[in-house]
Amino acid sequence: MLYAIEVEPEVRAFLSGLSPADLARADFAAGLLATYGPELSEPYCRHLGDCVRELRFTLSRNRATRISYWFPGGRKAVLLTVFHKTRQRESQQIERAKLARKVCESQHTGPAHLIFDPMGDLET
Numbered sequence: 001m002l003y004a005i006e007v008e009p010e011v012r013a014f015l016s017g018l019s020p021a022d023l024a025r026a027d028f029a030a031g032l033l034a035t036y037g038p039e040l041s042e043p044y045c046r047h048l049g050d051c052v053r054e055l056r057f058t059l060s061r062n063r064a065t066r067i068s069y070w071f072p073g074g075r076k077a078v079l080l081t082v083f084h085k086t087r088q089r090e091s092q093q094i095e096r097a098k099l100a101r102k103v104c105e106s107q108h109t110g111p112a113h114l115i116f117d118p119m120g121d122l123e124t
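Counting in UniProt numbering, the sequence shown tops out at residue 124, every number present.
One or more of the hints may lead you astray.
[Unchecked claim] Simulated restraints on C-beta separations:
| hint | residue 1 | residue 2 | range |
| --- | --- | --- | --- |
| 1 | P20 | N62 | 25 to 35 Å |
| 2 | Y44 | R96 | 13 to 23 Å |
| 3 | E95 | P9 | 26 to 36 Å |
| 4 | Y44 | L18 | 15 to 25 Å |
[Claimed, not checked] Below, in silico cross-link-like pairs of lysine-lysine (DSSO-like), each with a Cα-Cα straight-line distance of 27 Å or less:
| hint | residue 1 | residue 2 |
| --- | --- | --- |
| 5 | K85 | K98 |
| 6 | K102 | K76 |
| 7 | K98 | K76 |
FYI, nobody ran anything at the bench for these hints, they're computed from the structure.
Backbone N, C-alpha and C fix where the C-beta goes; we use that ideal spot for every residue, glycine too.
Sequences are here, hints too, so could you generate the full structure?
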C-alpha cells in the first residue's frame, strides 16, 4: 500500500512551475517516497533532524533540488519546503524546513487540501 503524499502550498507552487521533463523527475522521487515511505534511504533522501527529511533529486541543468518532508503518522508524508542545493544556505534551509514542520503540525488538522499522486497529478 502506497503512502499518501500531501503537498504544502510552497511545494505546490514549485511543482506547478516545472517543465514536463522536470515534473517527471520530481514525480519519480515522489513515487519512491510513496512506495518506500520511511524506508527510503540515500541517495534519494536524507534525515535533517527534528523528524524532517529531504527528498533529493536533480532537475535539468544539473540543479540539485531538495523537498523537505515529514511523516505525521499513518501512511502519509507531507512535502513542506523546496530548495536548490547550495553549500552557503543549506543550514538556513534546514532550519526553515524544521519550522515548516512545526507550523504544519500545529495548524493542520483533518484531511489535506492537496495530494500529490505518484503518477504526476495534483489533486484537490
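Legend entry - Pair hint K102 and K76, alpha-carbon separation not exceeding 27 Å: Answer holds: K102 to K76 is near 16 Å, not above 27 Å.
Inset, instruction - Take a look at whether the Cβ-Cβ distance between E95 and P9 falls inside 26 to 36 Å. - result: At roughly 19 Å between Cβ atoms, P9 and E95 fall outside 26 to 36 Å, so the hint is violated.
Legend entry - Hint consistency between K98 and K76 [alpha-carbon to alpha-carbon, up to 27 Å]: 18 Å, holds
Inset, instruction - Hint says 13 to 23 Å; check whether the CB-CB distance for Y44 and R96 agrees. - result: Given range 13 to 23 Å: holds, Cβ gap about 21 Å.
Inset, instruction - Take the C-alpha atoms of K85 and K98, compute the straight-line distance between them, and say whether it is at most 27 Å. - result: Roughly 16 Å separates the two Cα atoms, so the pair holds.
Legend entry - Y44 paired with L18, Cβ distance criterion 15 to 25 Å: At 18 Å between Cβs, range holds.
Legend entry - Distance restraint evaluation - P20, N62, Cβ atoms, bounds 25 to 35 Å: Roughly 18 Å apart at Cβ, these two residues miss the hinted range, so it is violated.
Hints 1 and 3 from the list above are not met by this structure, while the remaining hints are.
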